[in-house]
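Student: So the chains spell out like this:
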Amino acid sequence: MSNINRREFLKILGIGTFMGIGGWSMFEVVGKGEIEAFAEKYKKVPGALQAKRWAMVIDLKKLDQQIINDCTEVCHRIHNVPKILNPKEEIKWIWDEKFKNAFPELKDDYMSSEIKNMHVLVLCNHCENPPCVRVCPTKATFKRKDGIVMMDMHRCIGCRFCMAGCPYGARSFNWRDPKDYIKNENPEFPLRMRGVVEKCTFCYERLDRGLPPACVEASKGAIMYGDITDPNSEIRKILSSNFAIRRKAKLGTKPSVYYLL
Amino acid sequence: MLEIALKGSPRYWGWLFFLATLIGAGVITYLYQFQIGLGITGMSRDVSWGLYIGQFTFLVGVAASAVTIVLPYYLHNYKKYGRIAIIGEFLAIPAILMCMLFIFVDLGQPMRVLNVLLHPTPNSVMFYDMIVLSGYLILNLLCGWVILMSEKKGAPPPKWIKPFLYIAICWAPSIHIVTAFLYQGLPGRDYWMTAIMAAKFLSSAFASGPSLLIILCMLIRKFTNFDPGKEAIQSLAKTAAYFLLVTIAFYLFEVFTAFYSGITSHQYSIIYLFSGLEGYSKLVPVMSICVLLAAIGVLILVTPPLRKWEVTLAIGAASTFLCMWLEKGITLVVGGFIPNAFDRVFEYWPTLPETIITIGVWSFGFFVLTILYKIASSVKEKAIFDKYGEKQIKA
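Going down the list, the protein sequences come from chains A and B. FYI, the numbering used here numbers position 140 of the first sequence as 140, with every residue one higher than the one before it. FYI, the numbering used here numbers position 203 of the second sequence as 203, with every residue one higher than the one before it.
Since the hints were made in silico from the structure, they are not lab data. All C-beta atoms, glycine included, are put in the ideal place defined by N, C-alpha and C. Treat the hints with caution; some may be incorrect.
One side only, chain A facing chain B, incomplete, derived with CB under 8 angstroms [said to hold, decoys possible]:
| # | residue |
| --- | --- |
| 1 | Pro167 |
| 2 | Asp177 |
| 3 | Arg194 |
| 4 | Leu251 |
| 5 | Thr253 |
Bound conformation, chain A alone:
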């Protein structure tokens, strides 16, 4: 939407004004369908990466402490995620968990401690059937057509129903003003205020610019992403030839983040 240039904008404005002066509202002249088609045309950002449903595959064998630190660091830096040390008020979009915590239902007494304590990067699963979207009373969190579960931090009333609804603990609440906890602010990404919920947004802003999610870029190949509905996509090829698991799949949320063991 952002790429309407000035000339086009003025043209639309001119037509609108003309219609207004003529005593006609634009809606009476142009049908609703036409407006939608018009809007649809401008929704497509040239060069933007698009998919029917975005998904991610995280290869746990390729993860090491360095990659994990890089991924979380870059994500939290570019998205102005405050660094709050108090675990009660922490805000996390992507972070390091142990296997036994990320997959508690798979925990086993005889599992090697190596696997139990294996690093797992966890983030919002961008579920196909997201409970957080279902419970939100203001549509402040919603699912986009491309499968990304988005947050409108300016509409969120901070009721935290989505946090109770999310079975993955992927959502964080701003218990106080986050500005005091951000060292180097990235002016290109909006800051949040206290009292709203936030989470990973699959780097929608980078996809629009034709860039992969920041964690994918920083992961040195450990994280792959793509359109899961496209049988020729990289991730579909990986999923068809590897055994992959998803967190708490039995809950029916249909997570879009897969893990390779």
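Position chain B against the provided structure of chain A, taking the given hints into account.
Tutor: This is chain B only, laid out in the frame that chain A set:
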């Protein structure tokens, strides 16, 4: 009728002033919370609801419990409740107001609360909760006020109010069912995700509500000339007794399901609440007191001589009310968050500011309740005889 509330004894004014002081403390503390954020509470990213939402949940039950008086009176013409129908209806009003306030103080961005109306979202249970709560508030205000007004005039209530009375009776359970649906429809919260939740909510409401009404009736009798009637109080006690037993049974059903099935994730919250999990046991004393109070409640309310003697009845009613308050107002909400999504235990305990705000909201509720009861009892005192010819004031 409101003018009645402006004339009262020094004790009446003293009580209102006391409540106003507590409300003031709550408001000032709320301003502090508004300034800093919800970080001043004991809630965390793992236990993201606490005392506020617990109080909301509990008070929806108290509001719904008006139906335990209104239903027998209007549907079954149970005359003993003629005098106290208004007591039930007028309890529902401050209860709903407190519910709304507790939701409000729990919001991170309270200035955006109207977004719920601006962007109505029918897939969210919260949307329906808003509708049923405000509807119930209006119904009770309307029914209570109109009937009391006609009583004041010494005339029978107008006919057009009848459909509203019946709607209010059907509406009452809906507010608590919808509130239970807030919890029982969430995947991954095993303590809440059980079909018995709505049933248990209703039964515990119909135990705690009548218990509170028993105490309120006794206080009204003590401090005014209006007598709610010994039989009415006894009937309330029986209602509370049955529903207390049903609630305990429902809880035990849940325990059976969790432990006989052997599904550990269903057991964790229960283990945490009763004996602690991984060395964390902050809520064990609360749950122990809850069990003790339930036992006292059962003993007194079920044993006829103890139920009939009003001294023990008052203790039994208070125990039942407190037991349900601890269960629904604290442990239910917090227990559902423990352990968290990563199988870790992060505990919750309310902070001082959180507690002061909570007391402030409760005081506001009692402030409204006092005024409404003052009006109701003054009207009732003047009427002397109710429409069935039974004497309403103390001999």
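Student: Take the hints in turn and mark each one as holding or not.
Tutor: For each hint, the structure was consulted:
1. Pro167: holds, 2 angstroms
2. Asp177: holds, 6 angstroms
3. Arg194: Holds - the Cβ of A:Arg194 comes within 8 angstroms of chain B, reaching about 4 angstroms at its closest.
4. Leu251: holds, 4 angstroms
5. Thr253: This interface hint holds because 6 angstroms falls under the 8 angstroms limit.
The earlier numbered hints are all upheld by this structure, with none contradicted.
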